[in-house]
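**Q** Take a look at the letters that make up each chain.
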Amino acid sequence: MERELTCIICPRGCRMKVALEGKEVVSVEGNACPRGKTYAVTECTNPHRTVTSTVRCEDGSVLPVKTETTIAKADMEKCMREINAAVAKLPVSIGDVILSDVCGTRVIATANKNA
Amino acid sequence: MKKDLVIIGGGPAGMSAAIAAYEAGVRDMLILERDGALGGILQQCIHNGFGLHKFGEELTGPEYAWRYEKQVKELGIPYKLCTMVLSVSEDKVITATNPQDGVFEIEAKAIILAMGCRERPKGALNIAGERPAGIYSAGMAQKLVNMMGYMPGKDVVILGSGDIGLIMARRMTLEGAKVHAVCELMPYSGGLARNIEQCLNDFGIPLKLSHTVVKIHGKERLSGVTIAKVDERRRPIEGTEEYIPCDTLLLSVGLIPENELSKTAGVSLDRMTNGAVVDQDRETEIPGIFSCGNVLHVHDLVDYVSEEAEIAGLGAAAYIAGEEKKEISVFLRTDGKIRYTVPQRITAEKDVRVYFRVADVYRDVTVKVSCDGGTVLSKKKQKLAPGEMECVTVPASALEDGRELYFEVEGA
Ligand code: SF4
Numbered sequence: 033m034e035r036e037l038t039c040i041i042c043p044r045g046c047r048m049k050v051a052l053e054g055k056e057v058v059s060v061e062g063n064a065c066p067r068g069k070t071y072a073v074t075e076c077t078n079p080h081r082t083v084t085s086t087v088r089c090e091d092g093s094v095l096p097v098k099t100e101t102t103i104a105k106a107d108m109e110k111c112m113r114e115i116n117a118a119v120a121k122l123p124v125s126i127g128d129v130i131l132s133d134v135c136g137t138r139v140i141a142t143a144n145k146n147a
Numbered sequence: 002m003k004k005d006l007v008i009i010g011g012g013p014a015g016m017s018a019a020i021a022a023y024e025a026g027v028r029d030m031l032i033l034e035r036d037g038a039l040g041g042i043l044q045q046c047i048h049n050g051f052g053l054h055k056f057g058e059e060l061t062g063p064e065y066a067w068r069y070e071k072q073v074k075e076l077g078i079p080y081k082l083c084t085m086v087l088s089v090s091e092d093k094v095i096t097a098t099n100p101q102d103g104v105f106e107i108e109a110k111a112i113i114l115a116m117g118c119r120e121r122p123k124g125a126l127n128i129a130g131e132r133p134a135g136i137y138s139a140g141m142a143q144k145l146v147n148m149m150g151y152m153p154g155k156d157v158v159i160l161g162s163g164d165i166g167l168i169m170a171r172r173m174t175l176e177g178a179k180v181h182a183v184c185e186l187m188p189y190s191g192g193l194a195r196n197i198e199q200c201l202n203d204f205g206i207p208l209k210l211s212h213t214v215v216k217i218h219g220k221e222r223l224s225g226v227t228i229a230k231v232d233e234r235r236r237p238i239e240g241t242e243e244y245i246p247c248d249t250l251l252l253s254v255g256l257i258p259e260n261e262l263s264k265t266a267g268v269s270l271d272r273m274t275n276g277a278v279v280d281q282d283r284e285t286e287i288p289g290i291f292s293c294g295n296v297l298h299v300h301d302l303v304d305y306v307s308e309e310a311e312i313a314g315l316g317a318a319a320y321i322a323g324e325e326k327k328e329i330s331v332f333l334r335t336d337g338k339i340r341y342t343v344p345q346r347i348t349a350e351k352d353v354r355v356y357f358r359v360a361d362v363y364r365d366v367t368v369k370v371s372c373d374g375g376t377v378l379s380k381k382k383q384k385l386a387p388g389e390m391e392c393v394t395v396p397a398s399a400l401e402d403g404r405e406l407y408f409e410v411e412g413a
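Top to bottom, those sequences are chains A and B. First residue of the first sequence: 33, per my numbering; consecutive thereafter. First residue of the second sequence: 2, per my numbering; consecutive thereafter.
Warning: the hint list may mix true and false statements.
[Stated by the list, open to error] Within a straight-line C-alpha distance of at most 30 Å, the following computed DSBU-like cross-link-like pairs (lysine-lysine) qualify:
(1) B:Lys81 / A:Lys105
(2) A:Lys49 / B:Lys81
(3) A:Lys121 / B:Lys144
(4) A:Lys145 / B:Lys209
(5) B:Lys93 / B:Lys71
(6) B:Lys179 / A:Lys110
(7) B:Lys155 / A:Lys145
(8) A:Lys49 / B:Lys74
(9) B:Lys144 / A:Lys110
(10) B:Lys179 / A:Lys105
(11) B:Lys209 / A:Lys105
(12) A:Lys145 / B:Lys380
(13) A:Lys145 / B:Lys55
(14) B:Lys382 / A:Lys69
(15) B:Lys382 / A:Lys49
(16) A:Lys69 / B:Lys155
(17) B:Lys384 / A:Lys69
(18) B:Lys71 / A:Lys49
(19) B:Lys55 / A:Lys69
(20) A:Lys49 / B:Lys55
(21) A:Lys105 / B:Lys381
(22) A:Lys121 / B:Lys74
(23) A:Lys105 / B:Lys155
[Stated by the list, open to error] Far from chain A, by Cβ distances over 12 Å, these chain B residues were calculated:
(24) Asp203
(25) Ile245
(26) Arg340
(27) Thr367
(28) Glu389
(29) Tyr407
[Stated by the list, open to error] A partial selection of chain A residues facing chain B, derived with a Cβ cut-off under 8 Å:
(30) Arg35
(31) Thr38
(32) Ile40
(33) Ala51
(34) Lys55
(35) Thr84
(36) Ser93
(37) Lys145
Bear in mind the hints are in silico, worked out from the structure with no lab data behind them. Just so you know, even glycine gets a beta-carbon here, dropped at the ideal spot from N, CA and C.
Just need the whole structure built from these sequences, with the hints factored in.
**A** Here you go:
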């Protein structure tokens, strides 16, 4: 089987052709750099994404956050549910851990916020 | 008040320019920012994908902005927030106002314009029907969701496939809304390929190319839109209408540089970029007034904004130090397939990186730069698209006073 993919690793967005035998990736074409190939393989076997969102703070304002590493694409909804249930204590500094275990990673603040 | 350098705008362009100028020796400087915080539009761009080019890692908007804000603070570069600049005169007197200082004037030796851009308003759109609540620009919706924590609606249609529209399609979906379609008037998207993949395809949101919204339904609150396919001349095709019930319509139909202040200063603007005409140092045709970032031309990557702002910062520092440019005058012209170049003119004999944007999608073509019929350089390109800025470096050896450089796409 052949699959066409757009690499999302960098804004160049290379169009790649991936040849598959069952779930096995046999070849990747069109990637301008090795990161494209790694992406193609994960994308065809176990796709991952970074989730960015906001968390409610105790004063009602919102704080931007992200997952520290990528998570399985299939877990995105679950991850969003946990993010939406969380409440952040103020003040927060950029990089602070807001949730310490969500879908195998941590959710961290991406901005500073004063109390 | 007198200052060597005043930077108008404390977003990514203003901060990068300020840091570059500081590092080149300028100390008597001030950043003026309209908002209550530094960072500009990046504050609401909470998604990742910023900084790959500049820092080799993937940052969110606020993280990217923070790298610069931190430096501004560490270097002690002064800035005033909540400060609105009212006018800039040709002799570089800035009139501004804020709650602490009232209305005040600054005489500047050099000025860097870094005001950014704004969204094209819906008024410019010309869609039939009422004007009910529920219609937002994509950037406004982004501010509501990401900064204020409000969801504008539950059932969404997006008109325009610019990057902000694509990003908001994903954002609204993640927050539980149903995005029914993204309609794009053109036969191709103006957004980055990666955003189509991870913001639409990931969630099964249909991208309807060559489609537009022809009618808005609802009196008080939006109740639906009628969309239709358009022909090559972008006119709706009768019989292709489709009604989509929705309570929210987001418009992502382009950005326009915010040049009101450049105009009060009398800076001449380029009809294609809607930004100033500048030289390789991003100096406008008024000596000592520089322009960079989205106020100069709309960028797709903030990394390039920072790069450009550094050039302007260094240019301003050299101007303040009284360095003379070796005056030559080379104008850059384009064939229309290349819509514009930045800079538009070159006034010094050195290698110059020229950024440009094309008018349409071209495949397997050659970008050629020539001077009096002689080829200066040519570069093969697999794909050129209007959504993606390109650049070439013109060597100093090709620059000769009074000549013109001609930029064209061959083989299209
Ligand atoms: S293959 Fe490499 S260059 Fe191409 S989009 Fe992916 S990361 Fe970028």
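**Q** Hint by hint, say whether it matches the structure.
**A** Each hint tested on the structure:
1. B:Lys81 / A:Lys105: 43 Å, violated
2. A:Lys49 / B:Lys81: Violated, at roughly 52 Å.
3. A:Lys121 / B:Lys144: Roughly 22 Å separates the two Cα atoms, so the pair holds.
4. A:Lys145 / B:Lys209: 39 Å, violated
5. B:Lys93 / B:Lys71: Judged against 30 Å, a Cα distance of about 29 Å means the pair holds.
6. B:Lys179 / A:Lys110: Answer holds: lysine 179 of chain B to lysine 110 of chain A is near 17 Å, not above 30 Å.
7. B:Lys155 / A:Lys145: Holds - the C-alpha atoms of lysine 145 of chain A and lysine 155 of chain B are around 28 Å apart, at most 30 Å.
8. A:Lys49 / B:Lys74: Judged against 30 Å, a Cα distance of about 47 Å means the pair is violated.
9. B:Lys144 / A:Lys110: 24 Å, holds
10. B:Lys179 / A:Lys105: 18 Å, holds
11. B:Lys209 / A:Lys105: Roughly 24 Å between the alpha carbons, so the hint for lysine 209 of chain B and lysine 105 of chain A holds.
12. A:Lys145 / B:Lys380: At roughly 47 Å apart (the allowed maximum being 30 Å), lysine 380 of chain B and lysine 145 of chain A break the hint.
13. A:Lys145 / B:Lys55: Holds, at about 25 Å.
14. B:Lys382 / A:Lys69: 22 Å, holds
15. B:Lys382 / A:Lys49: Within the cut-off at roughly 19 Å; holds.
16. A:Lys69 / B:Lys155: 37 Å, violated
17. B:Lys384 / A:Lys69: 20 Å, holds
18. B:Lys71 / A:Lys49: The given pair, whose Cα atoms are some 42 Å apart, is violated under the 30 Å limit.
19. B:Lys55 / A:Lys69: Judged against 30 Å, a Cα distance of about 22 Å means the pair holds.
20. A:Lys49 / B:Lys55: Given pair lysine 49 of chain A, lysine 55 of chain B holds - Cα atoms ~28 Å apart, limit 30 Å.
21. A:Lys105 / B:Lys381: Distance ~37 Å between lysine 105 of chain A and lysine 381 of chain B Cα, so the pair is violated.
22. A:Lys121 / B:Lys74: 25 Å, holds
23. A:Lys105 / B:Lys155: 23 Å, holds
24. Asp203: Per Cβ check, aspartate 203 of chain B is inside 12 Å of chain A; nearest 7 Å; violated.
25. Ile245: Holds, since 24 Å exceeds 12 Å.
26. Arg340: Label holds. Min Cβ-Cβ 20 Å, cutoff 12 Å.
27. Thr367: 19 Å, holds
28. Glu389: For glutamate 389 of chain B, whose nearest Cβ neighbour in chain A is about 8 Å away, the distance does not exceed 12 Å, so it is violated.
29. Tyr407: 27 Å, holds
30. Arg35: Status violated, d = 12 Å.
31. Thr38: Because about 4 Å separates threonine 38 of chain A from the closest Cβ in chain B, which is inside the 8 Å limit, the hint holds.
32. Ile40: 4 Å, holds
33. Ala51: 19 Å, violated
34. Lys55: 20 Å, violated
35. Thr84: 5 Å, holds
36. Ser93: 7 Å, holds
37. Lys145: Lysine 145 of chain A check fails; min Cβ-Cβ to chain B is 10 Å, beyond 8 Å.
Of the numbered hints stated above, those contradicted by the structure are hints 1, 2, 4, 8, 12, 16, 18, 21, 24, 28, 30, 33, 34 and 37, listed in ascending order.
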